[in-house]
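With these hints in hand, go ahead and build the complete structure from the sequences.
Same order as they appear, the protein sequences are chains A and B.
Residue numbering for the first sequence follows the numbering used here, beginning at 161 and increasing consecutively.
Residue numbering for the second sequence follows the numbering used here, beginning at 161 and increasing consecutively.
Any given hint might turn out to be false.
If chains are identical, the list can't say which one is meant, so a pair holds when it fits in one copy or spans any two.
[Unchecked claim] Below, in silico cross-link-like pairs of lysine-lysine (DSSO-like), each with a Cα-Cα straight-line distance of 27 Å or less: (1) K184 - K162; (2) K258 - K184; (3) K178 - K295; (4) K188 - K293; (5) K295 - K255; (6) K188 - K255; (7) K162 - K268; (8) K178 - K199; (9) K293 - K178; (10) K184 - K293; (11) K178 - K162; (12) K255 - K178; (13) K258 - K293; (14) K255 - K199.
FYI, nobody ran anything at the bench for these hints, they're computed from the structure.
Owing to the predicted nature of the structure, the values given are computational and were not obtained by experimental measurement.
2 protein chains.
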Amino acid sequence: MKILGIEHIGIATESIDKIAPFWKQVLKLNHTHRETVDKEGVITDIYDTGRGKVELLEKIGQESSIAKFLEKRGQGIHHLCFEVDNIEEAITELKQAKIRLVNEIPTKGAEQNLVVFIHPESTGGVLVELAQKPK
Amino acid sequence: MKILGIEHIGIATESIDKIAPFWKQVLKLNHTHRETVDKEGVITDIYDTGRGKVELLEKIGQESSIAKFLEKRGQGIHHLCFEVDNIEEAITELKQAKIRLVNEIPTKGAEQNLVVFIHPESTGGVLVELAQKPK
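Okay, structure coming up:
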């Protein structure tokens, strides 16, 4: 697989509205948009640093992975996402290397990316997302 | 302040040697070097993704912030570092905005960068590092 760089860092937060001023007004990151990903049960507020994005993640409902993360660990960095050139090729290689995946079939994440998550068990405690941009 | 992008993601690990194969051989990230930062009590193994770096962090001794993090939270993402153009200017702005800093005087981090840490209390649970590259 070919990793093209850090796509974004996902940060679990209790309230986007409460914490957004730090990222927007103090750090002065460029806010691109806010998006709801119903399937993941999450609202995501996206900032582009020029070299990788920051995504603030707020739960919708109690069943999403963000809700469970907040309950277990509290606010903080939830996952690290890399952009890949070819997600299917990446999945094939990961399976061959016996890496544990959260999902083996890519799903549609924020910004219409095709995404797959690697289980923290295989990475040393980090939830790693791989994303292929829409063609 | 001007943020120039994500400089790196710092990942606390019990053993660099044990987990490095995932980052190096599975994800095929470009390993640049390994460096000891005595002052921080840490060995750092650095990978360049092309858009932001990954730093695996292993403790030296029991008093470092990595040792305390591992004890409290276990392995995982420890901090998020942004590159800034001018660290002194950034510190002045952060203090004016009443943002809580871990250190108010920049210290020398990995790769001879001048760095300052923002306390998770002010960011929504994320330890944020700002780094200015050596001129």
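field: Alpha-carbon proximity between K162 and K268, which holds within one copy, between copies, both or neither at 27 Å
entry: within (20 Å within a copy, 33 Å between copies)
Within, between, both or neither, where K188 and K293 count as close if Cα-Cα is 27 Å or less: Close inside one copy (26 Å) and across copies (19 Å); limit 27 Å.
message: As a check of your reading, is K255 near K199 (CA-CA no more than 27 Å) within one copy, between copies, both or neither?
response: within (24 Å within a copy, 40 Å between copies)
message: Within, between, both or neither: how does the pair K184, K293 come out at a Cα-Cα threshold of 27 Å?
response: both (25 Å within a copy, 23 Å between copies)
message: My question is about K178 and K295: at a cut-off of 27 Å on alpha-carbon distance, are they close within one copy, between copies, both, or neither?
response: So K178 and K295 fail the 27 Å test inside a copy (35 Å) and across (37 Å) alike.
query: Using 27 Å as the alpha-carbon threshold, which applies to K295 and K255: within, between, both, or neither?
result: Within one copy only: 24 Å inside, 44 Å across.
task: At 27 Å max between alpha carbons, let me know whether K178 reaches K162 within a copy, between copies, both or neither.
output: between (37 Å within a copy, 23 Å between copies)
query: Taking 27 Å as the upper bound on the Cα-Cα distance, should K258 and K293 be classified as within, between, both, or neither?
result: within (25 Å within a copy, 38 Å between copies)
Alpha-carbon proximity context of K184 and K162, limit 27 Å: between (32 Å within a copy, 12 Å between copies)
Identical-chain pair category, K293 with K178, by Cα at 27 Å: neither (30 Å within a copy, 31 Å between copies)
Homo-oligomer pair classification [K255, K188; C-alpha up to 27 Å]: between (40 Å within a copy, 15 Å between copies)
query: When no copy is named, should K258 and K184 be tagged within, between, both, or neither for a Cα gap of at most 27 Å?
result: So K258 and K184 pass the 27 Å test across copies only (15 Å; inside, 40 Å).
In summary, the structure is inconsistent with hints 3, 9 from the numbered list given earlier, while agreeing with the others.
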